[in-house]
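**Q** Can you make the complete structure from the sequences, with help from the hints?
Chain order of the listed sequences is A and B.
Residues 1 to 201 in the numbering used here are what the first sequence lists, from first letter to last.
Residues 1 to 470 in the numbering used here are what the second sequence lists, from first letter to last.
Take every hint as true, because none was put in to throw you off.
With a cut-off of at most 30 angstroms between alpha-carbon atoms, the simulated DSBU-like pairs for lysine-lysine come out as follows: (1) B:Lys263 / A:Lys195; (2) A:Lys90 / B:Lys321; (3) B:Lys438 / A:Lys90; (4) B:Lys50 / B:Lys88; (5) A:Lys195 / B:Lys8; (6) B:Lys50 / A:Lys3; (7) A:Lys195 / B:Lys50; (8) B:Lys363 / B:Lys396.
If you are wondering where the hints come from, they were derived from the structure by calculation, not from laboratory data.
For clarity, every value in this text was computed on a predicted model and none was experimentally measured.
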Amino acid sequence: MEKFTTHTGVGVPLRRSNVDTDQIIPAVYLKRVTRTGFEDGLFAAWRNDPSFVLNNEAYAAGSVLVAGPDFGTGSSREHAVWALMDYGFKVVISPRFGDIFRGNSGKAGLLAAQVDEKVVQKLWDYLEDNPGAPVTVDLESRTVRAGEGVDAVEDSFDIDDYTRWRLLEGLDDISLTLTHEDDISTYETTRPRWKPATIHA
Amino acid sequence: MGRTLSEKVWDEHVVRSAQGEPDLLYVDLHLIHEVTSPQAFDGLRLAGRKVRRPDLTIATEDHNIPTLDWDKPIADPVSRTQVETLRKNTEEFGVRLHPLGDLEQGIVHVVGPQLGLTQPGMTIVCGDSHTATHGAFGAIAFGIGTSEVEHVLATQTLPQAKPKTMAVTVNGSLPDGVSAKDLILTLISRTGTGGGQGYIVEYRGQAIRELSMEARMTICNMSIEWGAKAGLIAPDETTFAYIEGRPEAPKGADWEAAVAHWKTLVTDDDAVFDEEIVLDAAEITPFVTWGTNPGQGVPLGSAVPSPEEFDDSDERIAAEKALAYMGLEAGTPMRDIKVDTVFLGSCTNGRIEDLRAAAAVIKGHKVADGTRFLVVPGSARVRLQAQDEGLDIVFKEAGAEWRGAGCSMCLGMNPDTLSPGERSASTSNRNFEGRQGKGGRTHLVSPQVAAATAVRGTLSSPADLTLVEA
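**A** Given below as structure tokens:
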């Protein structure tokens, strides 16, 4: 996984709450067996709508998505994170994320930054007044910044310490866990014999 | 201080605990299907890793597979490739697979309990958000993404931050004609889709105790729909009776030892939950959704709400968008909403009791003109059991389509989809925009309401049929 320290890119105001993972990428796009190429399915139902925010030239190259509460609820499909990343998004900002989506983001290297609902409102207003304006997201200081002077929006965001550390270091979870393989083996010796098995010797 | 049920199960699975890090949890059972696993197996191959515990892993084919002509090669080449990829991967890595056509094939969350693999006090994961279904047995069960699937394959563990605890206590008894689905839809309409976020929920109280195992599975299944990490129910005699004698259940002395342990898996009297919600079962009536998330629901006897009824601006905007998408007008009685397709099935309501309940309602009636009724058993075994009981005949005589087992129209990855603008009454778990097909409009309902709706062609409860007959 690539290290993530700070990112500055075009902010995209997505004025919607409850953007579930079926909206982020519908099930028909989940049939691939590869890990790439999911950008065509991103927000598929909305992409034909000329008024959809990503169809506005100014936002099309966006990399920081600013969404309403309960972003990424529903299905466990990590394809939702891949679709956002394949499109070019590095960060999603929302007041509240679906649990599994947030977990998947941390594993795949997409920063899910949780902010107060008022901050989202301010970012929406700012980005709509200034289409194509950049937003800076600094993982080290856990801050999000946009604009200058009186219009400036600056606030902190929440992310759990462990995910932040892993993203900053670009660490792969499985390798980390395998450093504790002895603990796993020890635990396995304590499991009761009546626990079920799928394969019988 | 005492511990809650979920804390006890959690503590039993901690492999490693360190300050500032999530706990490393051992996984007792890993369920696999074709959609969320191919990239995980690829990851293993790239890193030269093996599946650590194939004996704690099991796979089946459910999301993509057709429910017609399932004895022939899958027509959609992309779906076929995904299913074939699962077959190759499970063979290469030594994982047990129940493929299409196998007697034990079915929706992954129907198969686990049916085989007796789902037992109290376990940790169970699957690359599918409805994994909480298995919580009905007093297991901590939750959905994971593909990176985590790879993690579990490689290590049989997952790093997990300990969630907060919540109790949902349902006092009293559910009235006649009111099902577990009505109960969980009522709860979600009160909490919203994010109300359970960050919590493991324990469902308890008299109404929960009185539910069968399959009804408990319906409740736990939809925990994710209000944002909960997992939902579980303390095991009791109902649980033990359901498990005993199943193919993978403990036998003999192992059974005795297992039950002795399972009986300790209850929340201590002095345990404290971080949050509690209390419901009165007697107040619950048949419940259906009107909008595009599972929290947007009302009693069947009421009307489509007006966006102005919502104080919160996000909810108001969401309601406006939902009504526009659903093609509904505020104030329309729910019972006047005409439905094109009725879908009975899914990991929420595709088990034998669900089929029995729907068959009892539709028996002697006909599906309304212009309405199609798809009955999709949750597994091949459920299908056979239903046929043994003659339920297939009841459905077919009523004019319903009797299909093969799988996820089917719950998410429309196979050919079973809605057309744009088509409206369904569905016993599944999600009414998201386009969930059952692009432009499709979904109302979530119980199996009983589904069957009555198929007969009348508008959203209906079994009580409405009795009135018609009289």
